[in-house]
Amino acid sequence: MTDSKHSPDRRKVIQLIGGAGAAAMVQMLPFGAGLARAAEKFTVGVIYVGSRDDFGYNQSHAQAAAYIKKLPGIEVVEEERVPETIDVEKTMEAMINEDGAQMIFATSFGYFNPYVLKMAKKYPNVRFAHCGGLWSKGMPTNIGSFFGYIDECEYLSGIAAAATSKSKKLGFVAAKPIPQVLRNINAFLLGARSVDPKATVSVIFTGDWSLPVKEAEAANSLIDQGVDVLTCHVDSPKVVIETAERRGIYSCGFHVNQAVLAPKGYLTGAEWEWKTPYVILVDNAESGKPMINFLRGGLREGFVKTSAFGPAVSPATRKISMAVKAKMLQDEFVIFKGPLRDNTGKTVIASGVALSQQNPVLESMNYLVDGVIGQI
Amino acid sequence: MSLLPLVAALFVTAVLFALFVASQGYPAFDALALVGKGAFGSTFAWQNTLSRAAPIMLTALCVALPARAGLLIIGGEGALALGGLAAAMVPVALAGWPVLLVQGLMALAGFVVGGGWIALSGWLRYKRGVNETISSLLLAYIGAAVFNFLVEGILRDPASLNKPSTAPIGDRYVIGAIPGMDVHWGLVWGVLVCIGAWWLMRHTVFGFAVGVAGGNPRAAQMVGLPVGRLMLMACFLGGGAAGLAGMLEVAAVHGDANADLMAGYGYAGILVSFAARHHPLGVMAGALLVGGIGASGSLLQRHLDLPDAATLVLQGMLFVSLLAFETLNRKGAQRV
Numbered sequence: 151m152t153d154s155k156h157s158p159d160r161r162k163v164i165q166l167i168g169g170a171g172a173a174a175m176v177q178m179l180p181f182g183a184g185l186a187r188a189a190e191k192f193t194v195g196v197i198y199v200g201s202r203d204d205f206g207y208n209q210s211h212a213q214a215a216a217y218i219k220k221l222p223g224i225e226v227v228e229e230e231r232v233p234e235t236i237d238v239e240k241t242m243e244a245m246i247n248e249d250g251a252q253m254i255f256a257t258s259f260g261y262f263n264p265y266v267l268k269m270a271k272k273y274p275n276v277r278f279a280h281c282g283g284l285w286s287k288g289m290p291t292n293i294g295s296f297f298g299y300i301d302e303c304e305y306l307s308g309i310a311a312a313a314t315s316k317s318k319k320l321g322f323v324a325a326k327p328i329p330q331v332l333r334n335i336n337a338f339l340l341g342a343r344s345v346d347p348k349a350t351v352s353v354i355f356t357g358d359w360s361l362p363v364k365e366a367e368a369a370n371s372l373i374d375q376g377v378d379v380l381t382c383h384v385d386s387p388k389v390v391i392e393t394a395e396r397r398g399i400y401s402c403g404f405h406v407n408q409a410v411l412a413p414k415g416y417l418t419g420a421e422w423e424w425k426t427p428y429v430i431l432v433d434n435a436e437s438g439k440p441m442i443n444f445l446r447g448g449l450r451e452g453f454v455k456t457s458a459f460g461p462a463v464s465p466a467t468r469k470i471s472m473a474v475k476a477k478m479l480q481d482e483f484v485i486f487k488g489p490l491r492d493n494t495g496k497t498v499i500a501s502g503v504a505l506s507q508q509n510p511v512l513e514s515m516n517y518l519v520d521g522v523i524g525q526i
Numbered sequence: 181m182s183l184l185p186l187v188a189a190l191f192v193t194a195v196l197f198a199l200f201v202a203s204q205g206y207p208a209f210d211a212l213a214l215v216g217k218g219a220f221g222s223t224f225a226w227q228n229t230l231s232r233a234a235p236i237m238l239t240a241l242c243v244a245l246p247a248r249a250g251l252l253i254i255g256g257e258g259a260l261a262l263g264g265l266a267a268a269m270v271p272v273a274l275a276g277w278p279v280l281l282v283q284g285l286m287a288l289a290g291f292v293v294g295g296g297w298i299a300l301s302g303w304l305r306y307k308r309g310v311n312e313t314i315s316s317l318l319l320a321y322i323g324a325a326v327f328n329f330l331v332e333g334i335l336r337d338p339a340s341l342n343k344p345s346t347a348p349i350g351d352r353y354v355i356g357a358i359p360g361m362d363v364h365w366g367l368v369w370g371v372l373v374c375i376g377a378w379w380l381m382r383h384t385v386f387g388f389a390v391g392v393a394g395g396n397p398r399a400a401q402m403v404g405l406p407v408g409r410l411m412l413m414a415c416f417l418g419g420g421a422a423g424l425a426g427m428l429e430v431a432a433v434h435g436d437a438n439a440d441l442m443a444g445y446g447y448a449g450i451l452v453s454f455a456a457r458h459h460p461l462g463v464m465a466g467a468l469l470v471g472g473i474g475a476s477g478s479l480l481q482r483h484l485d486l487p488d489a490a491t492l493v494l495q496g497m498l499f500v501s502l503l504a505f506e507t508l509n510r511k512g513a514q515r516v
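Chains as they are written, first to last, in my numbering: chain A, 151 to 526; chain B, 181 to 516.
Just so you know, not all the hints are guaranteed correct.
Unchecked claim - Label-pair restraints from in silico Cβ distances:
#1 B:360 <-> A:219: 52 to 58 Å
#2 B:216 <-> A:268: 27 to 33 Å
#3 A:247 <-> B:375: 30 to 36 Å
#4 B:284 <-> A:247: 32 to 38 Å
Everything labelled a hint here was simulated from the structure, so no lab data went into it.
The model shown is predicted, which means the values in this text are computed figures rather than measured ones.
C-beta atoms are modelled at their ideal positions from N, C-alpha and C, and glycine is treated no differently.
Between the sequences and the hints, there should be enough to build the whole structure, so can you do that?
See the structure below:
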């Protein structure tokens with residue numbers, strides 16, 4: 151008798167389980183529907199090597215991704231903290247296979263070789279946009295490399311720094327002594343010397359792109375040496391800017407605007423404006439034009455911009471800086487021109503030689519100019 | 181060995197993770213479905229998982245093998261980096277030599293250098309009484325510094341402007357994919373070395389002696405076992421496995437040695453070895469789990485916009501539950 155009483159219950163239980171299973175299926179459905187919808191849209195994958203909210207390089211790209219996300223007909227899938235290993239290869243492939251991505255923005259320099267090269271060969275119909283500018287003839291034509299001449303903004307930061315500094319000792323916390331970084335340090339020094347020929351820039355290399363503890367140590371050590379304006383070229387300037395503010399000195403930002411981290415001491419900063427190349431490349435892809443393999447720009451082209459001046463920058467300084475910026479916008483300004491000596495006394499650019507921004511010689515810069523205190 | 185603790189651990193992890201995801205305002209069921217789908221839900225997902233698991237199997241042995249000798253080594257990252265660097269030098273020095281010979285020598289170089297690096301910790305422990313856990317960790321930092329010094333200095337390929345690297349090993353010597361799959365041969369190496377390590381530790385006199393030395397060094401000494409040499413050998417073999425992982429990363433993934441070699445595989449290996457209770461075969465399953473979590477974390481980010489940290493939370497929950505349930509297993513509790 152208990153049997154007969156229990157059997158309907160058992161059936162009910164089975165029904166319930168079935169119902170739960172169906173509910174789970176329904177739960178998964180919107181996701182499947184999302185995939186189908188994605189196929190009609192133009193799907194763009196964006197890959198970052200660090201956190202999207204790092205107050206630095208990755209955030210500068212995330213801002214551009216957020217911008218194109220709002221454009222009609224564009225779907226964006228993102229993945230952060232993807233190391234430059236087989237992981238990024240698999241992420242690119244997953245974006246293509248699982249999300250239907252038709253275009254991939256691989257934003258870290260180290261993603262290019264071998265990963266982007268390999269995937270571009272394997273998926274000739276997908277476009278790969280790589281930030282860093284490494285494409286050369288003979289490489290797959292579905293790759294485009296883009297980059298910005300941010301040394302222009304560094305030069306302007308140098309002007310604001312030297313004009314505001316009292317000790318005329320400026321500090322630079324840098325990751326690695328590679329051409330891109332050296333170019334920024336040198337531009338910062340040249341900007342500083344343009345307003346004060348006695349200004350110096352002390353540089354400390356931390357050895358890697360994201361070492362917050364070492365960056366704080368370097369910042370403190372520079373401040374202890376009498377430096378009163380700090381800037382940096384590491385993946386996230388957060389630590390350096392915050393340390394400068396806490397110790398009561400000035401700072402110049404990098405990658406994105408860090409004014410909120412240093413409301414008193416933030417002078418100005420060199421910022422990327424990646425939405426310009428992103429929009430160009432996405433528009434191009436949507437309208438079916440061939441991939442732009444090599445895309446560069448500076449202030450004039452809107453690939454980089456300067457942060458708004460902080461309260462510590464005097465009106466006179468703003469005027470000097472703005473005058474130089476106006477010349478840069480007219481393409482009438484050359485940062486690297488001879489005679490220029492490095493800090494060991496060797497002539498690196500002969501008298502009468504002016505290297506325009508596009509000059510490939512600048513891409514292999516391997517010296518610190520006279521006035522920079524530090525060693526490669 | 182009962183599978184019950186494993187099943188229970190997986191179930192509890194799923195529940196905890198679902199609660200965590202829901203508490204953060206994300207759809208919990210979607211997240212769980214995506215974890216399964218991203219890790220093991222398709223051929224692509226499986227290959228994704230296996231590719232990520234391959235190096236971790238080898239770095240886990242760097243913990244598992246010395247653990248048999250009673251040593252807790254956590255510096256596999258340094259052995260991986262230096263082993264990889266040594267391997268990257270072989271094709272540069274022997275350009276033009278037959279492919280298999282060069283690849284074999286690369287593996288040997290990686291193994292010997294990685295093994296030597298970890299053996300250093302074993303030697304410090306045996307001769308000087310230095311705690312091997314601390315020394316191996318510190319040596320990993322020293323290894324990374326030496327690596328960077330050499331790669332950014334005398335071993336740097338002048339053509340590698342913005343990303344300091346050694347000279348490319350050349351397309352000829354690159355280790356390719358397993359036919360019919362999108363996973364490189366490193367996976368097969370990893371599996372074979374794990375099986376070899378298991379056989380060595382469970383079915384040879386040497387393995388038995390290492391186990392005795394690890395279980396009770398004084399007793400081992402009393403019966404005349406060369407405890408110091410056994411410790412050193414266990415460290416050497418473990419470090420060798422990590423060095424081999426470095427070689428495979430160079431030969432199958434990077435194509436040269438650069439700072440990206442140090443991607444944390446050495447540290448992931450610690451987790452895997454502990455979850456596998458230092459069993460060389462269990463290490464394979466553990467590596468598969470870590471690889472799977474990596475693969476599914478990618479999907480979670482792309483489809484639910486979960487931050488990458490969610491993957492770490494999942495990984496943490498899984499390993500804590502694995503260890504907790506293992507101790508509930510009576511057999512496991514006795515072995516502790």
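We went through each hint and held it up to the structure:
1. Between residue 360 of chain B and residue 219 of chain A the beta carbon distance is about 38 Å. The supplied range of 52 to 58 Å is therefore violated.
2. Residue 216 of chain B and residue 268 of chain A have their C-beta atoms about 28 Å apart, which keeps the hinted 27 to 33 Å range intact.
3. In this structure the hint that residue 247 of chain A and residue 375 of chain B lie 30 to 36 Å apart at CB holds, the actual value being about 31 Å.
4. Residue 284 of chain B and residue 247 of chain A have their C-beta atoms about 35 Å apart, which keeps the hinted 32 to 38 Å range intact.
When each numbered hint is compared with the structure, a violation occurs for hint 1 only.
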